[in-house]
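Quick note, the sequences are listed as chains A and B, same order. In terms of the numbering used here, the first sequence opens at residue 1 and continues consecutively. In terms of the numbering used here, the second sequence opens at residue 1 and continues consecutively.
A few of these clues could be false.
Derived DEER-like restraints, expressed as beta-carbon distance ranges [what the hints assert, rightly or not]:
#1 B:Arg82 x A:Leu217: 32 to 40 Å
#2 B:Glu52 x A:Ser250: 15 to 23 Å
#3 B:Leu135 x A:Ser174: 28 to 36 Å
#4 A:Ser174 x B:Pro113: 50 to 58 Å
#5 B:Leu135 x A:Leu282: 54 to 62 Å
#6 B:Ser50 x A:Val246: 53 to 61 Å
Here's a subset of chain A near chain B, in silico, CB distances under 10 Å, partners left out [unchecked claim]:
#7 Arg131
#8 Gly155
#9 Met284
#10 Met297
#11 Ile302
Beyond 12 Å from chain B on every Cβ pair, some chain A residues (computed) [claimed, not checked]:
#12 Pro40
#13 Pro177
#14 Ala178
#15 Met179
#16 Glu213
#17 Gly285
#18 Trp301
#19 Met303
To be clear, the hints were calculated from the coordinates, so they are not data collected in a lab. The beta carbon of each residue, even a glycine, is placed where N, CA and C say it ideally should be.
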Amino acid sequence: MIADFFAALFGVTLALILAPFLRTLINRTKARMAGRQGPPLLQPYWSLARLLRKGAVYSTTTTWMFRAGPVVTLATMFGALCLVPFGGNPALLHFEGDVLLMAYLLALGRFFTILAALDTGSSFEGMGANREAFFSALSEPALLLGVAGLGAITGSVSLSGIYGRLGNSAFLGSHLPAMIFILAAFVIVYLTENARIPVDDPTTHLELTMIHEVMVLDHCGVDLAFIEYAGALKLWALGLLITGIVFPVSTGSFWLDAGVSLASMAVLQICVGLVESLMARLKMGRVPLLLGIAFVMSTLWIMWVVR
Amino acid sequence: MTDQLVIALLFLVNLRMFATSRLDSLIRGVALQAFLLVCLAVVSREGALSWEGWTFLSVTGLVKCAVLPVMMTRALRSAGIRREVEPLVGYRVSLFIGLIVTGFSIWAAAQLPMPDGAADPLVVAAALISMITGLFLIVARRKAISQAIGYLAMENGVYVLAPALAVHGPLIVETGVLLDVFVGVFIMGVIILHIRQEFKHIDIDRLSELRD
Chain A
1 MIADFFAALF
11 GVTLALILAP
21 FLRTLINRTK
31 ARMAGRQGPP
41 LLQPYWSLAR
51 LLRKGAVYST
61 TTTWMFRAGP
71 VVTLATMFGA
81 LCLVPFGGNP
91 ALLHFEGDVL
101 LMAYLLALGR
111 FFTILAALDT
121 GSSFEGMGAN
131 REAFFSALSE
141 PALLLGVAGL
151 GAITGSVSLS
161 GIYGRLGNSA
171 FLGSHLPAMI
181 FILAAFVIVY
191 LTENARIPVD
201 DPTTHLELTM
211 IHEVMVLDHC
221 GVDLAFIEYA
231 GALKLWALGL
241 LITGIVFPVS
251 TGSFWLDAGV
261 SLASMAVLQI
271 CVGLVESLMA
281 RLKMGRVPLL
291 LGIAFVMSTL
301 WIMWVVR
Chain B
1 MTDQLVIALL
11 FLVNLRMFAT
21 SRLDSLIRGV
31 ALQAFLLVCL
41 AVVSREGALS
51 WEGWTFLSVT
61 GLVKCAVLPV
71 MMTRALRSAG
81 IRREVEPLVG
91 YRVSLFIGLI
101 VTGFSIWAAA
111 QLPMPDGAAD
121 PLVVAAALIS
131 MITGLFLIVA
141 RRKAISQAIG
151 YLAMENGVYV
161 LAPALAVHGP
171 LIVETGVLLD
181 VFVGVFIMGV
191 IILHIRQEFK
201 HIDIDRLSEL
211 RD
């Protein structure tokens, strides 16, 4: 029990330290694909350090809501991170139905980001908030249904239980198609939730086409650092949901499990980078179709599980 | 396990055909559907195939996955269109109809009384969904070429249903059907080209306004 606790604590600490590095992996992959050298390896850390040293400027039209946004986003994302198991070990917090808590922590963070965006009174930010609310409303059912599928396969209703048991190869075999569908749905949800191509372009310079970036335009200094860091944690926490399916680890050796999880996380980020390099962004009107596909995929497991 | 995987991919390809607006990806979809159905015929069969079986299957595979798609692509290129812009049923709605139809075909396949020794109900479901996909494309799309593709998808479904129901000697019958389909698509390609040359478009509903 104590060993589990320290293993989980190690996982969370690792996430807190390494999460910004995931951006580096994505950016480096994109740079290599484009024939550039790319930013320095520790650039996300330098950016965070620089932002943390800066002061913040607040518009006079904003209220406390605007200042609460980044704090709540970071706090909820940390809470979600504590619920996701790392390397086959139970998470720091785990109980029956923690899946729902995780989904709603993500939703709460998003809700406050949206409120902060609306609080500025900028029409651009309102537009971004509008899109974020719409797309996340479509991606959330896909995530929940997918996790429900994993729960039905493994016979568990907590994330730690689900991902702890996925390492057992007995669930492969007849459940393989179901797992593939859930995985595909999760990948689409992952790209949507983290505002990556093909849903959103994190490097765009045109406010009219932004989704996530436009909502945080008015934040600066420490607030922006919080948002960036929360984004990195989200990349990590949701990434664990994917890598846990593709590389379910249960070798018994703690260090080996942790190593495999880290390596698979790196592979996932490189894949995200490859997607960004090889795909164009979807037209805004076609994004709901993509999320509809994610929803459909996350329902198809029923055929193989409930028979 | 392999057959389950093939069935899963088949469901996906069918949903893709429900949701895509690009005609070339629709053609690729129907070719992939045919390929998967041939794979399914191989893997879902117990015992080794005779050499006649292999010959029939490879001829079918060649015609359905290579010859017909190439013919369709050429018809597409000569007609000079790339996507179906205004379908009768929108693509998001189509996708959800596809989902409902998938559910329905699985339910229906489970209800059907099967002869002894027949295949997995999911194979029958895969056949049903392929047929329904074809039917849907014929009903809900305007371009003549989409409807021809729908016809092919329906034929693919029929093709997999016959071995699944363990009908005796289905391959010979199927080869005859294959010839018909081949000629059918050939004629359709020619007709599409002629419609295009005559009227500068291949929308079906506008043809109904023709007068003497």
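Now the hints, each set against the structure:
Between B:Arg82 and A:Leu217 the beta carbon distance is about 37 Å. The supplied range of 32 to 40 Å therefore holds. In this structure the hint that B:Glu52 and A:Ser250 lie 15 to 23 Å apart at CB is violated, the actual value being about 48 Å. Checked against the hint of 28 to 36 Å, the pair B:Leu135 and A:Ser174 passes, with Cβ atoms roughly 30 Å apart. Look at A:Ser174 against B:Pro113: about 24 Å separates their beta carbons, and that is not inside 50 to 58 Å.
Between B:Leu135 and A:Leu282, the C-beta spacing of about 29 Å breaks the proposed range 54 to 62 Å. A C-beta distance of roughly 40 Å is found between B:Ser50 and A:Val246, which places it outside the suggested range of 53 to 61 Å. Here the hint on A:Arg131 is broken, as its CB sits about 17 Å from the closest CB of chain B, past 10 Å. Because the closest C-beta pair between A:Gly155 and chain B is about 20 Å apart, greater than 10 Å, the hint is violated.
At its closest, the beta carbon of A:Met284 sits 14 Å from a beta carbon of chain B; the interface hint therefore is violated under the 10 Å criterion. Because the beta carbon of A:Met297 sits about 8 Å from the nearest beta carbon in chain B, less than 10 Å, this interface hint is met. Below 10 Å, beta-carbon pairs count as interface contacts, and A:Ile302 has one with chain B at about 8 Å; its hint therefore holds. Distance check on A:Pro40: its Cβ is at least 41 Å (rounded) from any Cβ of chain B, clearing the 12 Å threshold; non-interface status holds.
The claim that A:Pro177 is not at the interface with chain B is violated, since a C-beta of that chain comes within 12 Å of its own (minimum 3 Å). Not every Cβ of chain B is farther than 12 Å from the Cβ of A:Ala178; the closest lies at roughly 8 Å, contradicting the non-interface assignment. A Cβ of chain B approaches the Cβ of A:Met179 within 12 Å, the least distance being about 10 Å, so the stated non-interface status is violated. Residue-level check passed: A:Glu213 sits 26 Å from the nearest beta carbon of chain B, beyond 12 Å.
Not every CB of chain B lies more than 12 Å from the CB of A:Gly285, the least distance being 10 Å, so the non-interface label is violated. Taking the minimum C-beta to C-beta distance to chain B, about 10 Å, the non-interface status of A:Trp301 is violated against the 12 Å cut. Residue-level check failed: A:Met303 sits 6 Å from the nearest beta carbon of chain B, not beyond 12 Å.
Violation of the numbered hints given earlier is confined to hints 2, 4, 5, 6, 7, 8, 9, 13, 14, 15, 17, 18 and 19; the remaining hints are satisfied by the structure.
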